[in-house]
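**Q** Sequence:
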Amino acid sequence: MRMRHFSLRTEKAYLGWMRRFVKFHGRHPREMAEVEVTAFLSHLATDLHVSASTQNQALQALLFLYRQVLQVDLPWLTSVVRARKPRRLPVVLSRTEVARIFAQLEGHSRLVASLLYGGGLRLAEALALRVKDVDLVRREITVRDGKGARDRVTVLPGDLIPVLRLHLDALRRWYDRERRDNAPGVSIPPGLRRKYPDAWRSWPWQYLFPSATLCRDPYDGLPARHHLHPQTIQRAVKFAVARAGIAKPAGCHTFRHCFATHLLESGYDIRSVQELLGHSDVRTTMLYTHVLNRGGLAVRSPLDGLDSDGQ
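Its first residue numbered 423, the sequence shown is counted upward by one per residue in the working numbering.
Don't read these hints as lab results, they were simulated from the structure. Heads up, a few of these hints could be off.
[Claimed, not checked] Cβ-Cβ distance ranges computed for the label pairs, FRET-style:
| id | residue 1 | residue 2 | range |
| --- | --- | --- | --- |
| 1 | His471 | Arg602 | 38 to 44 Å |
| 2 | Ala546 | Pro606 | 21 to 27 Å |
| 3 | Arg441 | Tyr641 | 19 to 25 Å |
| 4 | Arg657 | Asp495 | 41 to 47 Å |
| 5 | His651 | Asp603 | 39 to 45 Å |
| 6 | Thr711 | Lys670 | 18 to 24 Å |
| 7 | Val553 | Asp495 | 33 to 39 Å |
Ideal Cβ placement from N, Cα and C applies to all residues, glycine included.
Construct all of the structure, not just a fragment, from the sequences and the given hints.
**A** Laid out in structure tokens, this is it:
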């Protein structure tokens, strides 16, 4: 997987499905084939009721195991019971509801949430931002190695520039203390670590939201500083939603949905929104046209104004 430059998250997910597959049957993968793979995938759908995307991820992990690792070509798995793929609309908050949630956030949690809503970032993308990825002059955020291993540029909200300047000033003072203490640098891709040995201690490569504690780099095992753990922000947003009295099942990813929907409400064309979100297919972006705050398909209900019409 590392030879094929898979992300660390994909690596962990694939290894997890391979282990579950082996434990489910209790035999070595070389002793199993189409029948066992079909049984495991069907078990996920019929017994565990996983989503279609989860089942497909398990399928891709097992196909990688057999085709790339064991060099065994599985036949087409026609008898797998497929998980249902319901067509659900995303949860979208009004601008007032977003403001109520932000009022319950503070510190790093509020700044990260502001980037999710203000730039349409995914949580993992926001936490992986480095100093060099934020351009305060051009008001741009460069997302590196986003979903699908693609880079993109999105908007940096002007209202966040003063806050980010203060944040970067405090971060620079902390960074200078770290260098004086000869502390380990940040985690960077292993290829860059070999090509630029000093990059992990340089200012441009510093995470915008570094973790308070050190960890071991998953690639070389050396101590390094990673970014904030996603659960830190997820918990803060969860509590803020509850304190704000929002009844909708909102989370960190909801801010990305709000970014797209509110831009479309403001009259921006769907192609521009597609580019900012990093969608490869405009049909994915078109989903947000169904949740605009104008009622069902922007149709005025016949009940509205019934009494005034005298009917």
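**Q** Decide, hint by hint, whether the structure agrees.
**A** Status of each hint after checking the structure:
1. His471 to Arg602: 38 to 44 Å: Hint violated: Cβ distance 54 Å, outside 38 to 44 Å.
2. Ala546 to Pro606: 21 to 27 Å: holds (22 Å)
3. Arg441 to Tyr641: 19 to 25 Å: holds (20 Å)
4. Arg657 to Asp495: 41 to 47 Å: Taking Cβ atoms as reference, Arg657 and Asp495 lie about 45 Å apart, which means the hint holds.
5. His651 to Asp603: 39 to 45 Å: At 23 Å between Cβs, range violated.
6. Thr711 to Lys670: 18 to 24 Å: holds (19 Å)
7. Val553 to Asp495: 33 to 39 Å: Once the Cβ atoms are compared, 46 Å apart, the range 33 to 39 Å for Asp495 and Val553 is violated.
Violation of the numbered hints given earlier is confined to hints 1, 5, 7; the remaining hints are satisfied by the structure.
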